[in-house]
Amino acid sequence: MITIRQYLATDRYVFEQLVRYYYEENKITPPSQDMVLSTIGFYTAFPQCGSIYIFEFENEIAGYSIVSNVWSNRYGKLSYLIDEFYVLKEYRRRKIEINHIEYLIKQEGVYGIGIRAEKNRSISKTILKLLKFYEDKDKLYTRVLIH
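If you count by the numbering used here, then the sequence shown holds residues 215 to 361, one letter each, in order.
Do not take every clue at face value.
Using 25 angstroms as the maximum straight-line C-alpha spacing, the simulated DSS-like pairs for lysine-lysine come out as follows [as the list claims (entries may be wrong)]:
#: 1; residue 1: K343; residue 2: K353
#: 2; residue 1: K291; residue 2: K343
#: 3; residue 1: K339; residue 2: K303
#: 4; residue 1: K320; residue 2: K309
#: 5; residue 1: K339; residue 2: K353
Think of the hints as simulated: they come from the structure by calculation, not from any bench.
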């Protein structure tokens with residue numbers, strides 16, 4: 215069973231570890247511990263700006279995502295930008311990414327969802343295309359939602 219939930223203070227150390235794994239796997243210089251703590255502090259203090267989500271598979275931590283809320287003046291609605299998305303290797307192909315995106319789609323008043331997938335090994339472009347995302351000229355995969 216897949217559970218998608220908001221970050222809790224008790225997740226701090228496992229979240230820091232997951233962030234390290236994400237950056238190592240994607241061959242990107244990881245943020246410092248202070249930067250990770252600043253991210254946690256920001257989304258905790260300003261939940262209207264976005265959320266950190268924790269994924270569980272059969273009650274085991276399986277990954278995380280950081281989702282920023284972005285207002286669209288053009289459409290007068292909120293859009294989600296999935297800034298980071300990571301699933302531990304042993305939990306991939308369990309449809310966690312599909313469940314997470316479907317969870318975001320169900321939120322009221324959201325115009326669209328965007329994610330950069332070109333350097334993210336946790337979510338495939340094939341899955342995004344199956345979920346009706348399209349790639350724009352800036353390599354951002356987007357799905358427009360009509361509520």
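Going through the hints against the structure:
1. K343 x K353: Holds: K343 and K353 sit about 13 angstroms apart, inside 25 angstroms.
2. K291 x K343: Holds: K291 and K343 sit about 23 angstroms apart, inside 25 angstroms.
3. K339 x K303: This hinted pair holds, its Cα atoms lying about 17 angstroms apart.
4. K320 x K309: Given pair K320, K309 holds - Cα atoms ~17 angstroms apart, limit 25 angstroms.
5. K339 x K353: Holds, at roughly 11 angstroms.
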